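Chains A and B, in that order, give the protein sequences.
At position 59 of the first sequence the residue is numbered 340 (the working numbering), and the sequence of numbers has no breaks.
At position 62 of the second sequence the residue is numbered 278 (the working numbering), and the sequence of numbers has no breaks.
Think of the hints as simulated: they come from the structure by calculation, not from any bench.
It should be emphasised that the depicted structure is a prediction, and the values quoted were computed from it without experimental measurement.
Any given hint could be a false lead.
Taking lysine-lysine pairs in the BS3-like style, the calculated list, with each CA pair at most 27 Å apart, reads [as the list claims (entries may be wrong)]: (1) A:K338 - B:K310; (2) B:K276 - B:K310; (3) B:K268 - A:K338.
Derived list of chain B stretches under chain A, where covered just means 3 residues or more per stretch with a C-beta under 8 Å from a C-beta of chain A [as the list claims (entries may be wrong)]: (4) 257-266; (5) 317-327.
The beta-carbon is built from N, C-alpha and C at its ideal position, and this holds for glycine as well.
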Amino acid sequence: DSGVTQTPKHLITATGQRVTLRCSPRSGDLSVYWYQQSLDQGLQFLIQYYNGEERAKGNILERFSAQQFPDLHSELNLSSLELGDSALYFCASSGSFPTVTNEQFFGPGTRLTVL
Amino acid sequence: GDSVTQMEGPVTLSEEAFLTINCTYTATGYPSLFWYVQYPGEGLQLLLKATKADDKGSNKGFEATYRKETTSFHLEKGSVQVSDSAVYFCALIKEPNFGNEKLTFGTGTRLTIIP
């Protein structure tokens with residue numbers, strides 16, 4: 282158990298809809314990362330938040346957005362869903378004090394299916 | 217841009233065979249290198265890492281050496297077990313500094329060990 286939790290585990294929805302994926306990082310971790318794993322694109326970095334602020338952006342579509350709340354949990358919002366958005370979405374966290382390490386701890390993922 | 221190239225899979229071996237999964241990278245500077253493992257239905261787990269040239273990461277019988285001259289980080293294990301069956305990802309963090317550390321992944325190599 283990595284200590285990172287993600288809900289829901291599975292999500293099935295229709296094209297055009299909007300969903301929210303939730304991530305709770307390990308206790309004390311300040312950074313949260315979102316990754317998308319799909320068959321055709323592999324594992325791709327989407328976005329990173331550090332202590333509530335956006336820190337880095339990757340291949341994230343404009344239809345997608347994220348935020349990190351004061352309690353450090355994060356949400357990834359996906360809107361106007363398309364069939365191609367079907368994927369496994371991982372959250373990872375890092376950055377517990379006092380030991381600073383670049384190791385990222387991954388949650389179990391949310392499997393999104395768009396029908 | 218930064219990239220990681222992994223040996224194409226799938227790889228099938230008999231129990232107790234020697235394993236090598238090749239990984240090469242393209243990145244400027246001095247990236248940190250990682251191997252992550254994904255067991256069926258689970259998230260990614262860090263297997264081992266190396267943060268500077270000639271470092272050897274090791275864990276659970278797996279080893280990989282950071283070779284800057286060949287930009288490689290090949291994963292090896294002397295005697296594989298059925299329980300090693302999983303997907304293995306090579307990854308890098310380009311400029312490891314706290315708070316800005318997205319992972320760039322290879323495509324993954326599916327390993328199956330036959331009893």
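Open item on the list: Taking the earlier hints as the rules, which of them does this structure contradict?
Closed with: Violated hints: none; all satisfied.
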